[in-house]
Amino acid sequence: GAVVSQHPSWVICKSGTSVKIECRSLDFQATTMFWYRQFPKQSLMLMATSNEGSKATYEQGVEKDKFLINHASLTLSTLTVTSAHPEDSSFYICSAIGNYGYTFGSGTRLTVV
Amino acid sequence: GENVEQHPSTLSVQEGDSAVIKCTYSDSASNYFPWYKQELGKGPQLIIDIRSNVGEKKDQRIAVTLNKTAKHFSLHITETQPEDSAVYFCAASSNNQGGKLIFGQGTELSVKP
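Just so you know, the sequences run in chain order A and B. Counting along the first sequence from 1, when you hit position 94 you're at 94 in the numbering used here, and nothing is skipped either side. For the numbering used here, add 1000 to where a residue sits in the second sequence, where the first one is 1.
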């Protein structure tokens, strides 16, 4: 089946620094990837949609200059949290659409200290 | 845009009993309705899905029903086991929204042995 590899699985960073999260589709081409954020005991909230070779589309209320998304190839999308603050601490999950429907990454636990 | 409401937020059942989780959606153009199981610290795992041209789908102990007129769909788990304990999310998507998958609030299911 389809696999999306997400790295890192967890990261701790200092306030003010940037963190990059990668999602790779291992055995299929993902023309579209979605990025979600999940706070403890809450649902997955869609942050943005990225399409290969074009600018990402952000959901209302999501700062595009803070959450930089790059989808430069059919197998790789990245989310960079810039100038991270403690309130950005969350679980970030990517999802790709392929021939098998939606495939989710395993998530990245970001803690900003 | 799409809005998905899920109930109940918590559900506790005895092992062997059935569990039912219900969701409603707002966008009549939505045509794909998956259910996910999420364990702590992991990405969501698809357990069953249904498309709008089908009213019911079953896979062993799990079934999903869809009422397009009323815009609601339900997850039914029979003969529950302790390993079914997890958080379950419903979701909905439509081609009109670029395939964005919008999640319900989640249900924490606890199966007591």
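To be clear, the hints were calculated from the coordinates, so they are not data collected in a lab. Please read all numbers here as calculations on a predicted model, not as lab measurements. Check each hint, because a few of them may be wrong.
[Said to hold, decoys possible] Listed below are the simulated DSS-like cross-link pairs for lysine-lysine, each with C-alpha atoms no more than 30 angstroms apart in a straight line:
#	chain 1	residue 1	chain 2	residue 2
1	A	Lys55	B	Lys1100
2	B	Lys1068	A	Lys64
3	A	Lys64	B	Lys1022
4	B	Lys1042	A	Lys14
5	A	Lys66	B	Lys1100
6	B	Lys1071	A	Lys14
7	A	Lys14	B	Lys1112
8	B	Lys1071	A	Lys20
9	B	Lys1057	A	Lys64
10	A	Lys66	B	Lys1042
11	A	Lys64	B	Lys1042
12	A	Lys66	B	Lys1071
13	B	Lys1037	B	Lys1100
[To be verified] To spell it out: a stretch of chain B is covered by chain A in this simulated footprint if at least three of its residues, at any positions, have a beta carbon under 8 angstroms from a beta carbon of chain A; those stretches are:
#	region
14	1063-1076
15	1097-1104
Glycine is no exception: its CB is placed at the ideal position from the N, C-alpha and C atoms.
(Q) I'd like to know which numbered hints this structure contradicts. Please list them from smallest to largest. (A) 2, 3, 6, 7, 8, 9, 12 and 14
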